[in-house]
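Based on the hints, put chains B, C and D in the right spot on chain A.
Residue numbers (the working numbering), protein chains in the order written: chain A, 30 to 112; chain B, 30 to 112; chain C, 1188 to 1352; chain D, 1188 to 1352.
Wrong hints could be hidden among the right ones.
Stated by the list, open to error - List time: in silico BS3-like cross-link candidates among lysine-lysine, alpha-carbon distance up to 25 Å: (1) K1251(C) x K31(B); (2) K1311(C) x K39(B); (3) K1251(C) x K1311(C); (4) K1311(D) x K1251(D); (5) K1251(D) x K31(A); (6) K1311(D) x K31(A); (7) K1251(C) x K39(B); (8) K1311(C) x K31(B); (9) K1311(D) x K39(A); (10) K1251(D) x K39(A).
Stated by the list, open to error - If the Cβ cut is set under 10 Å, some of the chain A residues that face chain D in the computed set are: (11) L33; (12) W37; (13) K39; (14) W64; (15) P81; (16) R83; (17) Q88; (18) A104; (19) P107; (20) P108; (21) G112.
These are computed hints drawn from the structure, not numbers from a lab.
Backbone N, C-alpha and C fix where the C-beta goes; we use that ideal spot for every residue, glycine too.
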Amino acid sequence: MKLLYFAWLKQRTGISEETVSPPDDVRTVAALVDWLRLRGPGYADAFADLRPIRVAVNQEFAAFDSAIGPDDEIALFPPVTGG
Amino acid sequence: MKLLYFAWLKQRTGISEETVSPPDDVRTVAALVDWLRLRGPGYADAFADLRPIRVAVNQEFAAFDSAIGPDDEIALFPPVTGG
Amino acid sequence: MSPSGTVIRVQEADFDVGAEIAAVSDGQPSVGGVAAFVGLVRDIAGGAAVAAMTLEHYPGMTEKALAAIAAEARSRWPLDGVCIVHRFGRLLPGDRIVLVVTASAHRDAAFDGCRFLMDWLKTKAPFWKREETPDGDRWVAARSDDDRAAERWLATPAPLSEKAP
Amino acid sequence: MSPSGTVIRVQEADFDVGAEIAAVSDGQPSVGGVAAFVGLVRDIAGGAAVAAMTLEHYPGMTEKALAAIAAEARSRWPLDGVCIVHRFGRLLPGDRIVLVVTASAHRDAAFDGCRFLMDWLKTKAPFWKREETPDGDRWVAARSDDDRAAERWLATPAPLSEKAP
Chain A
30 MKLLYFAWLK QRTGISEETV SPPDDVRTVA ALVDWLRLRG PGYADAFADL RPIRVAVNQE
90 FAAFDSAIGP DDEIALFPPV TGG
Chain B
30 MKLLYFAWLK QRTGISEETV SPPDDVRTVA ALVDWLRLRG PGYADAFADL RPIRVAVNQE
90 FAAFDSAIGP DDEIALFPPV TGG
Chain C
1188 MSPSGTVIRV QEADFDVGAE IAAVSDGQPS VGGVAAFVGL VRDIAGGAAV AAMTLEHYPG
1248 MTEKALAAIA AEARSRWPLD GVCIVHRFGR LLPGDRIVLV VTASAHRDAA FDGCRFLMDW
1308 LKTKAPFWKR EETPDGDRWV AARSDDDRAA ERWLATPAPL SEKAP
Chain D
1188 MSPSGTVIRV QEADFDVGAE IAAVSDGQPS VGGVAAFVGL VRDIAGGAAV AAMTLEHYPG
1248 MTEKALAAIA AEARSRWPLD GVCIVHRFGR LLPGDRIVLV VTASAHRDAA FDGCRFLMDW
1308 LKTKAPFWKR EETPDGDRWV AARSDDDRAA ERWLATPAPL SEKAP
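Just chain A, with the same shape it has in the complex (with noise of 0.2 Å):
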């Protein structure tokens, strides 16, 4: 499972990409995030409040109760400032 981070999230737990497997029973981003919250004390400042977050699976826009596997791209971002 590939996990991205971008802009303060890349900043607070310090990685911009990295490959993980987590256990079978994470099978969707919100249990992803919860598993992720036990490596460290960048990951659980990063996602210690999920409201300003957002959730890419496979490039596109998906919820935290979106279905999760281990071949899928998983990114997690505040909200878009382009334009």
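Coordinates of chains B, C and D only, in the frame set by chain A:
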């Protein structure tokens, strides 16, 4: 009194610009047009129907009942179609 | 750019769209958005092929009318720059006719101002178009759609800006 | 211009506004109007001076998101050409950030399409801005105004075109 004609009004009158001295009782655009109609078949044809005709007095859009005097510049033309 | 930040030009020559757009916000780092519209000669109109178009105008009044429309736009929206360039003379399909550019801190004012200028220009600036078609020349009639487009700004001075300033 | 008439580019380099606008209608004499919007870096934001701005994006998803927004615009309005160019990297006040261009037979479709693209791009394309201010760097927060601007197109797919087609 300076008169200008544009678009098909110029074509029908055969004139783009002329200086005229109508009688003193010609004090509105409507009276001017009534007087112009008598000047020849080109004018009569051009001013047969006033509905598709617009007017400007001293380079500002005006109405047929607008007051006019000897020093004014009066333009007669169809509805504008620029842009 | 004039001191007032409004550029009005009526000319036979073509214009440089990129240069005009750049000039409207040049040296004004408070500008966040520039909206522009370019009107072009179409090769078909009212179902007929158009080989060429000739634009007639009323020298003197044209510039005044465009300046008045620009002033009206600036009174309605916080615009940091306005540019209107309108051509006259004989033009071919694909040729540029008109350019309207507005600059503002925010995009909604730029968009609204630009559209307002085009709508009012169509009905309030003294230009007339004659088209050359296979059936001969014809004067283009004013469109009721254009009247309605101009009138929508009377009922609602700044309809979309209110929703998203 | 791609065969579909939609150009999407995400790049660090600046772009040539005049050339991009010309390309959207090039060789299409049925186009009567081209609307364009240029977004620029402002020197002030949220009351603070901005010395520079860095745009981060999500390579791969960005292009897909912009292509989807362009396709949505083309499904709503009869557009003969669409161009979106968005920069990333570090930019200074006055620098161009984004260009959106739409071409259509009629001006209302071009205006509506252009504005729609900007509104949706602001809320649906994965870009993030970091500003350099006297108080340090800060990530730009999403604006609720932008959400509302995007949402107005859900309620009324083509509000102004209906009034003046």
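May I ask which of the numbered hints given earlier this structure violates, with the numbers listed in increasing order?
14
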